[in-house]
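J.: Chains as they are written, first to last, in our numbering: chain Y, 1 to 135; chain Z, 1 to 135; chain X, 1 to 135; chain P, 1 to 135; chain E, 1 to 135; chain U, 1 to 135.
Don't read these hints as lab results, they were simulated from the structure.
Ideal placement from N, C-alpha and C gives every residue a C-beta, glycine not left out.
Heads up, some of the hints might be wrong.
Said to hold, decoys possible - To give an idea of the chain E side of the interface with chain P (calculated C-beta under 10 Å), a few residues:
| id | residue |
| --- | --- |
| 1 | Tyr12 |
| 2 | Trp23 |
| 3 | Gly24 |
| 4 | Lys25 |
| 5 | Gly26 |
| 6 | Val27 |
| 7 | Glu29 |
| 8 | Gln30 |
| 9 | Ile34 |
| 10 | Lys37 |
| 11 | Ser39 |
| 12 | Tyr45 |
| 13 | Leu84 |
| 14 | Ala97 |
| 15 | Glu98 |
| 16 | Val125 |
Protein chains: 6
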Amino acid sequence: MSDPHKNVVGDYQHGIEVMNRLWGKGVTEQLRSIWKKASPDVERYITAFAMGEIWSRPVLDLKTRSLLCLAAAVALEREDQVRLHTQGALQSGATPAEVIETMIHLMIYAGFPAAWQAMVIASKVISEHEVTKGK
Amino acid sequence: MSDPHKNVVGDYQHGIEVMNRLWGKGVTEQLRSIWKKASPDVERYITAFAMGEIWSRPVLDLKTRSLLCLAAAVALEREDQVRLHTQGALQSGATPAEVIETMIHLMIYAGFPAAWQAMVIASKVISEHEVTKGK
Amino acid sequence: MSDPHKNVVGDYQHGIEVMNRLWGKGVTEQLRSIWKKASPDVERYITAFAMGEIWSRPVLDLKTRSLLCLAAAVALEREDQVRLHTQGALQSGATPAEVIETMIHLMIYAGFPAAWQAMVIASKVISEHEVTKGK
Amino acid sequence: MSDPHKNVVGDYQHGIEVMNRLWGKGVTEQLRSIWKKASPDVERYITAFAMGEIWSRPVLDLKTRSLLCLAAAVALEREDQVRLHTQGALQSGATPAEVIETMIHLMIYAGFPAAWQAMVIASKVISEHEVTKGK
Amino acid sequence: MSDPHKNVVGDYQHGIEVMNRLWGKGVTEQLRSIWKKASPDVERYITAFAMGEIWSRPVLDLKTRSLLCLAAAVALEREDQVRLHTQGALQSGATPAEVIETMIHLMIYAGFPAAWQAMVIASKVISEHEVTKGK
Amino acid sequence: MSDPHKNVVGDYQHGIEVMNRLWGKGVTEQLRSIWKKASPDVERYITAFAMGEIWSRPVLDLKTRSLLCLAAAVALEREDQVRLHTQGALQSGATPAEVIETMIHLMIYAGFPAAWQAMVIASKVISEHEVTKGK
Numbered sequence: 001m002s003d004p005h006k007n008v009v010g011d012y013q014h015g016i017e018v019m020n021r022l023w024g025k026g027v028t029e030q031l032r033s034i035w036k037k038a039s040p041d042v043e044r045y046i047t048a049f050a051m052g053e054i055w056s057r058p059v060l061d062l063k064t065r066s067l068l069c070l071a072a073a074v075a076l077e078r079e080d081q082v083r084l085h086t087q088g089a090l091q092s093g094a095t096p097a098e099v100i101e102t103m104i105h106l107m108i109y110a111g112f113p114a115a116w117q118a119m120v121i122a123s124k125v126i127s128e129h130e131v132t133k134g135k
Numbered sequence: 001m002s003d004p005h006k007n008v009v010g011d012y013q014h015g016i017e018v019m020n021r022l023w024g025k026g027v028t029e030q031l032r033s034i035w036k037k038a039s040p041d042v043e044r045y046i047t048a049f050a051m052g053e054i055w056s057r058p059v060l061d062l063k064t065r066s067l068l069c070l071a072a073a074v075a076l077e078r079e080d081q082v083r084l085h086t087q088g089a090l091q092s093g094a095t096p097a098e099v100i101e102t103m104i105h106l107m108i109y110a111g112f113p114a115a116w117q118a119m120v121i122a123s124k125v126i127s128e129h130e131v132t133k134g135k
Numbered sequence: 001m002s003d004p005h006k007n008v009v010g011d012y013q014h015g016i017e018v019m020n021r022l023w024g025k026g027v028t029e030q031l032r033s034i035w036k037k038a039s040p041d042v043e044r045y046i047t048a049f050a051m052g053e054i055w056s057r058p059v060l061d062l063k064t065r066s067l068l069c070l071a072a073a074v075a076l077e078r079e080d081q082v083r084l085h086t087q088g089a090l091q092s093g094a095t096p097a098e099v100i101e102t103m104i105h106l107m108i109y110a111g112f113p114a115a116w117q118a119m120v121i122a123s124k125v126i127s128e129h130e131v132t133k134g135k
Numbered sequence: 001m002s003d004p005h006k007n008v009v010g011d012y013q014h015g016i017e018v019m020n021r022l023w024g025k026g027v028t029e030q031l032r033s034i035w036k037k038a039s040p041d042v043e044r045y046i047t048a049f050a051m052g053e054i055w056s057r058p059v060l061d062l063k064t065r066s067l068l069c070l071a072a073a074v075a076l077e078r079e080d081q082v083r084l085h086t087q088g089a090l091q092s093g094a095t096p097a098e099v100i101e102t103m104i105h106l107m108i109y110a111g112f113p114a115a116w117q118a119m120v121i122a123s124k125v126i127s128e129h130e131v132t133k134g135k
Numbered sequence: 001m002s003d004p005h006k007n008v009v010g011d012y013q014h015g016i017e018v019m020n021r022l023w024g025k026g027v028t029e030q031l032r033s034i035w036k037k038a039s040p041d042v043e044r045y046i047t048a049f050a051m052g053e054i055w056s057r058p059v060l061d062l063k064t065r066s067l068l069c070l071a072a073a074v075a076l077e078r079e080d081q082v083r084l085h086t087q088g089a090l091q092s093g094a095t096p097a098e099v100i101e102t103m104i105h106l107m108i109y110a111g112f113p114a115a116w117q118a119m120v121i122a123s124k125v126i127s128e129h130e131v132t133k134g135k
Numbered sequence: 001m002s003d004p005h006k007n008v009v010g011d012y013q014h015g016i017e018v019m020n021r022l023w024g025k026g027v028t029e030q031l032r033s034i035w036k037k038a039s040p041d042v043e044r045y046i047t048a049f050a051m052g053e054i055w056s057r058p059v060l061d062l063k064t065r066s067l068l069c070l071a072a073a074v075a076l077e078r079e080d081q082v083r084l085h086t087q088g089a090l091q092s093g094a095t096p097a098e099v100i101e102t103m104i105h106l107m108i109y110a111g112f113p114a115a116w117q118a119m120v121i122a123s124k125v126i127s128e129h130e131v132t133k134g135k
C-alpha cells in the first residue's frame, strides 16, 4: 500500500506479483497483453492501481477479496468476471464449495437467474481446475 | 438446511434465530413487521427461505455472508442494504476496518461513486454501533 | 397509433387523454408541468410519443401495461415509478392484490430487497387510494 | 401456496408440474439437469420455491406471470430469460403479438436497444414455436 | 426537430439521413431490416423518433452524441452498442484516441472490467475502420 | 499524466487543482472531507488517481469529460453524480442547454424516467448556478 505522504499511488511490480499469485503467470500475461493492446495506460492503471494498490491492501486476504469479486460479478452479471474470480478464489485457497456457496447466497439478492447462470460458469472452471491439479 | 428428500424448503423458526443473531431482536421485529404489513406471505418467504434456508446453510459463516451482501449492496447501489448488512457484519464479528475494506475493494468493480457513497453510510452505522457498545 | 405511411409518430392530444385515464387530471397536470420546466420538448416527447403512441397501442390494455411497468420499476429499483404505476394500475382496474402479487413474483428475479422495498411503497399508495375512494 | 401455519415453504412436486405446463417436459428436464449439476440444492430451491411456491400462487395466471418476467428480462437485459419466458408466454396462451407488444412497451422504460435486442431473440423463438405447432 | 405546435413528433426521412451519415448505407439498411423483422412499428419508432427527432436536435453534434452513447454503453455494458457507436463516432469525426479515452474516463464510474471489455471491442472496430479507410 | 516508466500512477496535487477548476474550492474541500472521514486512503485514491490521473489526461477536455459523466450518471441513475457533474459541466464551459441536451439524448438509451428525473435535478443546479453568477 502506498505511503500516505506521497503524491502518487499504486505499485506496478507488486501488482504483477499479486496477479501471478491469483491467476498464475499464463493468465496474467494474457490479461496484460489484452489490456496493453487496448491501451498501454490502461494496462498500467489496472496493474499498478487495481492490483498493486487495492488488491495489495491488508485487512482482507486474497481469498476473501476473490469471493467479494464473485458476489459483485453475480450482482452485475459479468460472466468473464465470474470465470476470472472463480480461478482466483480457487488459487488463493477457497474450496469449490465456497465458490458455489457464494453464488447460492447471492440468489436472494441478485435474482435466481443471475445466480444460477454464474454457477454454471463457475462449475466449468472448477472442473477444469480439478483436471489440471490432478495431472 | 432442509432435507433433500422433502418436498419443502425453509425453516421459519430457524430464520428468526438467524436474524436475531445478525441484527438483534429490535431490528428483526421491526423488519418482520414491515414485511408483514406489505404481505404476510412475503414475511414468511423472507424469514423461512432467505433467512432460515439460505443464510442457515453451512460452508460460509454469518460474517462472510454479511460481507458478500455488502459487496452486492455496493454493486447494486442499495443504500438500505448497506445499512442493514453493515450492522450484521459488525454483529457477527467483522471489524469496522473489514466493512470499510470491502467497500474500498469494490471501488474498482462498481465505480468510485457507488463505493464512496456506501462508505459514508457504513461509517455512520459504525459510529452508532460503537456508541451503543460503549454504553 | 400513428399511420404507417406517415413520416411522423405520436399523438399529443391522445397522450393527454391516456394520462388522464391512468392517473387523473391532477397528477397528469403536475407531471406535465414538471416535464415542461425541465424542457418543453421533453414534455412533448413524453406526452406525444410515450403516452400518445406507445401506451395508446392496441394488443395490451392499460392495466396490463401498468403491471409491466411495475415489473420494470421493481427490476430497475425506480421508487417514483413504483408509486406512479401503482396509481395507474389501480385506476385502470387492477386490484391491490394484483399490484402486490406483481412484486411478489418479482422477488425471485430482481432480488428480495428490490421487491419488498417496492411493496412498502405500493402499500402506502394502495392505502391512500382506498381512503380517497371511501370518501 | 404453502400453509401459513407451517414452518416451511415451497412444493417440489407442484413446481415440476408448473414447469411442465410452462415449458414442456423436455425443456423442464434440461433446466433441472443444468441446475442439479451446478448444485442439487439449487435445483430444489428453484423447483420447490420459485416454481412450486411463487409461480403457483393465485391472483395472477401463468400468462401474466410470463409477461411480467419478460418485462423484467428486458429491463435487466437477460437474453436467456427472454428466450425462456417467450416460450412460457406462448405455451400459456399469450399470442406472439402480446409478447412483442410487451417489448415495445418496454422501449420507453429500459431504453430502445434493450427492447429491440429482446425483440430479435423473441422473434426467433416465436418462429420456432410456429414451426413446431404446424407439424 | 419537430414543430412545437404540432400534435406529432419525429421525422422518418430525416432519421434515415442521420443514420446514413453515422453508420453508412450498408449498416443502416441492415439495422432497419432487423428492426422491421422484429416489428415494422419499431423500425418506424427508431427511425422517426430516436434518429429523426432526438439525434437530429441541435445543441450537440453527431460526434458528441456518439461519445455520450459510448459512455452509456460502457455504463450499461451493452456490447453491441459499443460496436455501433464506435463506428458512428469514427464516422462523425472522432479520432480513435477519443473513443478509447471515453472508455478510460469511464473506468472510475462504471468499474474497470466494464471499461476494458468495451475497449477490447472498440479496438477491433477501430482496426477494421482503418483497414477500410486504407483501401 | 504519469510517466510510463514509473512504478506508480496518479498525482495528488494535480488532482486538487482539477477539482478546484471543476467544482470550486468550497465543494472540493467538502468532498475531500467526506472522503477522508470515510477513509483517508480513499480520499487519496480519488484525488490522486481519479482526479489527478484519469481526469488529467489529454485528448478530452474537462467539459467533454463532465458531459460523459452526466451520460453515465443518467444511465446508472446516480442522483448525486447528476448534481456534481452538472456543476462541473457548467463551470468548465458547457451551456445549460448542453447539459439538458445530454439528458434528452439519453432518454432513448436509459429510459424516459431516468432521463427526466436527471433533468429535474440538473434544472435546479442550473438555476442556482445562474443566481450565483448574477450576484
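J.: Take the hints in turn and mark each one as holding or not.
T.: Right, here's what the structure says about each hint:
1. Tyr12: Hint violated; E:Tyr12 Cβ to chain P Cβ min 15 Å, cut 10 Å.
2. Trp23: It is violated, given that the least Cβ distance between E:Trp23 and chain P is near 14 Å, above 10 Å.
3. Gly24: It is violated, given that the least Cβ distance between E:Gly24 and chain P is near 19 Å, above 10 Å.
4. Lys25: At about 20 Å, which exceeds the 10 Å cut-off, the nearest Cβ of chain P leaves the hint on E:Lys25 violated.
5. Gly26: It is violated, given that the least Cβ distance between E:Gly26 and chain P is near 19 Å, above 10 Å.
6. Val27: At about 15 Å, which exceeds the 10 Å cut-off, the nearest Cβ of chain P leaves the hint on E:Val27 violated.
7. Glu29: 16 Å, violated
8. Gln30: 12 Å, violated
9. Ile34: 6 Å, holds
10. Lys37: 6 Å, holds
11. Ser39: Holds - the Cβ of E:Ser39 comes within 10 Å of chain P, reaching about 5 Å at its closest.
12. Tyr45: It holds, given that the least Cβ distance between E:Tyr45 and chain P is near 7 Å, below 10 Å.
13. Leu84: 9 Å, holds
14. Ala97: 25 Å, violated
15. Glu98: 22 Å, violated
16. Val125: Hint on E:Val125: violated, closest Cβ of chain P at ~16 Å, above 10 Å.
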